[in-house]
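Peer 1: Okay, here's what each chain looks like letter by letter:
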Amino acid sequence: MKSLLIITRRPPAHLAAREALDLALAAAAFGVPVGLLFMDDGVLQLRKGQDATLLGQKSLTANLGALEMYGVEDVMVCRHSLAERGLDMAQCALAADCVDNAQIATLFDHYNEVVSL
Amino acid sequence: MSAPLLHILRHSPAGGSQLSSCLRVVTSRQAVLLIEDAVYALLPGSSAFGSLRLLPADIRLYVLENDLLARGLALDDLPKRVQTIGYDRMVELCAESGKVMSW
Chain A
-15 MKSLLIITRR
-5 PPAHLAAREA
5 LDLALAAAAF
15 GVPVGLLFMD
25 DGVLQLRKGQ
35 DATLLGQKSL
45 TANLGALEMY
55 GVEDVMVCRH
65 SLAERGLDMA
75 QCALAADCVD
85 NAQIATLFDH
95 YNEVVSL
Chain B
31 MSAPLLHILR
41 HSPAGGSQLS
51 SCLRVVTSRQ
61 AVLLIEDAVY
71 ALLPGSSAFG
81 SLRLLPADIR
91 LYVLENDLLA
101 RGLALDDLPK
111 RVQTIGYDRM
121 VELCAESGKV
131 MSW
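Which chain is which? The protein sequence lines are A and B, in order. -15 is the number of the first residue of the first sequence in the working numbering; add one for each residue after it. 31 is the number of the first residue of the second sequence in the working numbering; add one for each residue after it.
Accuracy of the hints is not assured; some may be wrong.
Distance ranges between label pairs, derived from CB positions [as the list claims (entries may be wrong)]:
| no. | chain 1 | residue 1 | chain 2 | residue 2 | range |
| --- | --- | --- | --- | --- | --- |
| 1 | A | N96 | B | E66 | 38 to 48 angstroms |
| 2 | A | Q75 | B | K110 | 17 to 27 angstroms |
| 3 | B | R40 | A | L71 | 20 to 30 angstroms |
| 4 | A | A86 | B | G45 | 20 to 30 angstroms |
Partial list, computed: chain B residues near chain A (C-beta under 10 angstroms) [to be verified]:
| no. | residue |
| --- | --- |
| 5 | S42 |
| 6 | G46 |
| 7 | V55 |
| 8 | N96 |
| 9 | L99 |
| 10 | R101 |
| 11 | L103 |
| 12 | L105 |
| 13 | R111 |
| 14 | V130 |
| 15 | W133 |
Keep in mind that the hints were calculated from the coordinates and are not lab data. No experiment lies behind these values; they were computed from the predicted model shown. Where a beta carbon is used, it is the ideal one built from N, C-alpha and C, also for glycine.
Chain A extracted, bound-state conformation (with noise of 0.2 angstroms):
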């Protein structure tokens, strides 16, 4: 089975942004290997307290919480879109590795296919 790398670049309010969770759950439920990073305005959609019922939009909380149901284990977050930001760790509502820019380039080797989102 082939690798897939997912790279969410949009802010959450961005149906890209839906898309990029919905891509990693399908892939999950059938059994590919997957790997999810949040690169950019990606990041934004891993900050705590977002209500996006407010904007009439269904909110992506649900989505990330089922990441891990899925099986999707490795969920990744840019450190640099994160400080350029202002964001750390704390403030996300999802435990994920930390990855700088050399890692981040050897993750296009390891996967077999990357999608950008």
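Following the hints, complete the assembly by docking chain B onto the known chain A.
Peer 2: Positioned in the frame of chain A, the structure of chain B alone reads:
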């Protein structure tokens, strides 16, 4: 050893973080292809152009000629290391690259 990764950039460097994020994680032997509004990264004197020039020499740089000329950028202004390519070569590049990362 799989074929090296191809990074494709298609957004204007001023409009988002795509270029800077790509440049943070691109590694040697990989290739970067500029298409659509990303060709503005080759505007001489722009800050994006400055950071592209700092890329290690073993990272290949390509630009889609039609997108470049359509936006009035001159071939003469390009650094030697930038290879201008057409649609055919772009397809080949994608096919021969192990993976493609579209920013």
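Peer 1: It remains to establish, for every hint, whether it holds in the given structure.
Peer 2: Now the hints, each set against the structure:
no.: 1; hint: A/N96 / B/E66: 38 to 48 angstroms; in the structure: violated, 27 angstroms
no.: 2; hint: A/Q75 / B/K110: 17 to 27 angstroms; in the structure: violated, 46 angstroms
no.: 3; hint: B/R40 / A/L71: 20 to 30 angstroms; in the structure: holds, 27 angstroms
no.: 4; hint: A/A86 / B/G45: 20 to 30 angstroms; in the structure: holds, 27 angstroms
no.: 5; hint: S42; in the structure: violated, 15 angstroms
no.: 6; hint: G46; in the structure: holds, 8 angstroms
no.: 7; hint: V55; in the structure: holds, 5 angstroms
no.: 8; hint: N96; in the structure: violated, 24 angstroms
no.: 9; hint: L99; in the structure: violated, 27 angstroms
no.: 10; hint: R101; in the structure: violated, 24 angstroms
no.: 11; hint: L103; in the structure: violated, 26 angstroms
no.: 12; hint: L105; in the structure: violated, 30 angstroms
no.: 13; hint: R111; in the structure: violated, 21 angstroms
no.: 14; hint: V130; in the structure: holds, 8 angstroms
no.: 15; hint: W133; in the structure: holds, 6 angstroms
This entry does not satisfy hints 1, 2, 5, 8, 9, 10, 11, 12 and 13, going by the numbered hints stated previously.
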